[in-house]
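Engineer: If you want the building blocks of each chain, they are given just below.
Number of protein chains: 4
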Amino acid sequence: MSSINTFASDNISSACPEVMEALAKANEANSPSYGEDPWTRDLALRLGEIFETPVTVFPVTTGTAANALALSTLTPAFGKIFCHELAHINTDECGAPELFTGGAKLIDMAGANGRITAKVLEETIYGSGNVHHAQPASVSITQACESGTVYSIEEIEAIASVAHSHKLSVHMDGARFANALVTLGVTPAEMTWQAGIDVLSFGGTKNGCLTAEAVVFFKPELVGDFPFLQKRAGQLLSKSRFISSQFMGYLADDVWMRNARQANAMAQRLSKGLADLPGLELAYPTQSNEVFVVMPAALIDRLSANGLAINDEELDGKAVRFVAAWNTTESEVDALLAVLSDHCASI
Amino acid sequence: MSSINTFASDNISSACPEVMEALAKANEANSPSYGEDPWTRDLALRLGEIFETPVTVFPVTTGTAANALALSTLTPAFGKIFCHELAHINTDECGAPELFTGGAKLIDMAGANGRITAKVLEETIYGSGNVHHAQPASVSITQACESGTVYSIEEIEAIASVAHSHKLSVHMDGARFANALVTLGVTPAEMTWQAGIDVLSFGGTKNGCLTAEAVVFFKPELVGDFPFLQKRAGQLLSKSRFISSQFMGYLADDVWMRNARQANAMAQRLSKGLADLPGLELAYPTQSNEVFVVMPAALIDRLSANGLAINDEELDGKAVRFVAAWNTTESEVDALLAVLSDHCASI
Amino acid sequence: MSSINTFASDNISSACPEVMEALAKANEANSPSYGEDPWTRDLALRLGEIFETPVTVFPVTTGTAANALALSTLTPAFGKIFCHELAHINTDECGAPELFTGGAKLIDMAGANGRITAKVLEETIYGSGNVHHAQPASVSITQACESGTVYSIEEIEAIASVAHSHKLSVHMDGARFANALVTLGVTPAEMTWQAGIDVLSFGGTKNGCLTAEAVVFFKPELVGDFPFLQKRAGQLLSKSRFISSQFMGYLADDVWMRNARQANAMAQRLSKGLADLPGLELAYPTQSNEVFVVMPAALIDRLSANGLAINDEELDGKAVRFVAAWNTTESEVDALLAVLSDHCASI
Amino acid sequence: MSSINTFASDNISSACPEVMEALAKANEANSPSYGEDPWTRDLALRLGEIFETPVTVFPVTTGTAANALALSTLTPAFGKIFCHELAHINTDECGAPELFTGGAKLIDMAGANGRITAKVLEETIYGSGNVHHAQPASVSITQACESGTVYSIEEIEAIASVAHSHKLSVHMDGARFANALVTLGVTPAEMTWQAGIDVLSFGGTKNGCLTAEAVVFFKPELVGDFPFLQKRAGQLLSKSRFISSQFMGYLADDVWMRNARQANAMAQRLSKGLADLPGLELAYPTQSNEVFVVMPAALIDRLSANGLAINDEELDGKAVRFVAAWNTTESEVDALLAVLSDHCASI
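Protein chains in written order, with numbering that gives the first Met the number 0: chain Y, 0 to 346; chain E, 0 to 346; chain A, 0 to 346; chain U, 0 to 346.
Chain Y with its partners taken away, still in its complex shape:
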């Protein structure tokens, strides 16, 4: 890949060595299947330690599946899921939540910097018990969110409080969970169940795994029919150890935090560099490993002509996204800035 496209997404990155080693080790001998393997059992214990509370864990293969399956346990077919209008579940999953819930409605809300507010949520929830309306059932927030910013603990608490007061469950899409954790400097417990999160999509793929996502339940009473829903969705791997072992490598020692710190630091370096370039403007504050920058159309055209694959997740045609990963280096950041600087200067 050209250096310029190294920032296309964190899903282009390779897996980190610790993950690959754990996988190779898990492959040394035969092992029971369908979640009966030692790695899957250990994963639940390990996540229990990390979250400081017993959790129920289901490994799956994609973030889309994690989100849609989690929501399908919280939301009936005639239910409403409240989310930000830019939420991945709303814009980038081709209807997966609708499929897995059997037809639930996503009720999207505007909100600055990609985040919903408790106030707008409160105003948007209505119709409970009225048979004409799809029924409010769950709220989903993304942490770090799709605009690269991070909900504060207080914001999460306020949203969860509104949700719970209406008997709605709260889901967190944690595709970039570790990146948010690094930014906030809080514990996993503080950012989730202690703030009111009921179910978490815990992502590993973007931060150093090959393919590793997990649905983490903090309340056993919400697990419900998840095992059947997971199997029915084709998300129960026979060789389950190959996701769980990745996670065990990822969560050993400081690996996942180290990866996220590097990605965030490189995003900060890039963000500062971009802000200094003439004609460029950050679309959102840079709070995780994603940087969104508004640039002149002429510059976008120029860059495209030179091989930059402009991600269509860019927002309303204006902000261009650059994403740093666990393996992004300072020299890659500086090389990108140099290219952009050259082009900016010549426009």
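To be clear, the hints were calculated from the coordinates, so they are not data collected in a lab. There could be a bad hint or two in this list.
No copy is singled out in the list; a pair is fine if it fits within one copy or between any two copies.
Here are the simulated lysine-lysine pairs, DSSO-like style, with alpha carbons at most 27 Å apart [said to hold, decoys possible]:
1) 218 <-> 166
2) 271 <-> 317
3) 317 <-> 166
4) 118 <-> 166
5) 218 <-> 118
With chain Y held as given, fit chains E, A and U onto it using these hints.
Structural biologist: This is chains E, A and U only, laid out in the frame that chain Y set:
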């Protein structure tokens, strides 16, 4: 795992070295995501060579997903899928075909040794065009089938002929495709599209991969909305190379055939040994890597008490299943036979 | 319609005068909508009297909707519904149960004279708690059944007992409920909840209404989300009084029983007459208002050529169905017998 | 009902005499079922005359079913349906479009007076061909719309033009079709297919029928699998003549237009009267048979205390809805205005 449980299923086996090497190699550098990587592109070409015709290929993570997605492109929500009563899609996928098709009906048929016949299929198809009836849409056969036997080319041709005469599409569940190929000694083309198969679930997981399945279309006009259905199902991996590279290692040279030959040979060795034991009887001819044996209830109880996990895929409580894999050894077979022989003698 | 086709189905019959009068009366003034009208409230009370227990009642417009909605409250999307292979839900609803349940599987069973047995049901239920299998959830029987015979109270009790012992709910498709009641000479309570029926599709359309079906719950705890499921299915009429008032006319005094007695009596007259004709043979005992007769292919062809619309609900191409309705007369029966007699004689 | 609640909705009104007479006449003798009756056949011809083009017609029982079934033929399970945020399909059908389409997403848009604009539609459609996004498939507008205003022919043409340029189909929810027609003074053809409408939900229930809705296709190639989808949805009546005959009475001579003229005239009388009351303000222009008025909270409370059932379709807690029907009289309007005037004066 105890030696006795080594034969619980081929999904307890590790991945073979060639697959692990290909995976490690694919991880060396960053790469485009969502199927734009070189491995995914090469996989389509490689399968085109193997099947001697251009194919459209979609890697997915489980056999259940492969089957259900393939069928969902062939079958409307008000459609009928015809299959054997023991078909994996009918008994072991917890409703995945129903989910992904939006509610299609599986019409199951009896048939000796786990295989349907063209004659029974012809008698079972009815109601086309009648608005009261779910509409005949597709046929699915499993090769090698759930009873461990293999459809002959003539049988496949006859079934496909009936199906096509009624304008039904034909799907093959190839979770153990390589094992069947070894048994028949035919080419992949002869066992699929040349015999009338329209879409194939091509399995790698049970025969030496970590997690690698693919939906292979032999007719471009049947692909339809598959890309959207796959994404919606949470089956489009961002790091798509991690399935495709496994397949590339698996399909390089003779690896997949070598793996299947070993599994089949060990199953034959086991089958012959079991047939010689007093009080045991093969439930079906052994034609791939699965052996089904009818044994006295007292023996089953004895074995269970000694740690044998009797697979509940056992058929109507009578036949016990033993499965050989690519890494099963002669000594493991002989050890199992010795244990069984001891127990048989003492009952 | 030609006299010969008067017996095509009981759904070709007009509504009886009492139903039309009740409808006209309900139309005299404006009235609240969506079930808030007096007729809908009275209907629940009236059915409570008839069934000698409080019931929860939801009027709907078709038997297909009644069945599918009732089953959707009893069966999760990954559930199994056990029924006879000839059940209307299995063969004549084009996948409605699958749609409304979100993909449940109908597990069909053979059984003499169109009826399942407790014994076969017991043998067919398996897999509870096993994540690979769709989960046993409900049983549906049709009374009178699709072959025109009637379950005895003892048969219903035995089936319900097996179902409940496995924690399955029991649904009765009562499209011809009144006809069965007349045959058995028992009370509505005895034929339903006292025998173990949990939910009933109570049919009026075939026995003297225009369009009037109702889902009747005998256990409040099973109602669950029905109101939302009904609305979502487009089955909550704004002018709800127009179904409820039909039922109030139908259930006033003896109207519904009178209608069913007439239909059954005419079926008996026809059945006896057919049994006396040379070359004809009853396919099933005549126990309600449907008569199934096996006749030579040459005779079927002759009749078809003379205008008889052979119903494709005929069973496996052999038995021809004749149905008597509330308004069938002796002279119509005798006219049909005369025509058949002539044709039989000339073959 | 108290006079004050006569304006709660047009669905509280009785059926008009011509409809009841047609129904009674259709009940005089037996008739074929499932759409094979003469009334259903005649209905297609009659609507063909009215729309000046051959049409394909499917009678159904509710507007919700008509809308959801129509949209399900135009929209795949992974599709997007574009509509106004106040559209009945979006707010008052408890997820029916999602159920019948298998999970399509409703993309709602703001728009003055309850109507979307071609401009906003153009800006909102994106993502065609991108596998991450649900796919733009159809547009639905309501005529007269949920705010009681009416799209001009030019507005419909502009919306349809944008839709068709993106290969989207256009659906019209015509629950109050006749009312809009009277307002615009155009022909049914001009307001539908000549302006670009592809499929129409043609409502009769609110304007003088008991229960009569129909899906009308203007393009045979769009009918697709509708007959199967209708049956599967429990919307194919066995006694189909009882909807079709209502429509035949409704569409005979000038009945439907006469009914709509009366409703609209009474709404105008009410609207003018309300505008003259102190402290009240019309929320939208009155262009059909619905009047929305903003009134002080104290007045709403007062009216509620005196028996006015404030409809929760009121918009954001401010506008109260009054609906005139075919049988609303001048004296009823004047009586309502007198009551309101008294209360206004005393606040």
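Engineer: For each hint given before, does the structure comply? Return the numbers of the non-compliant ones in rising order.
Structural biologist: none
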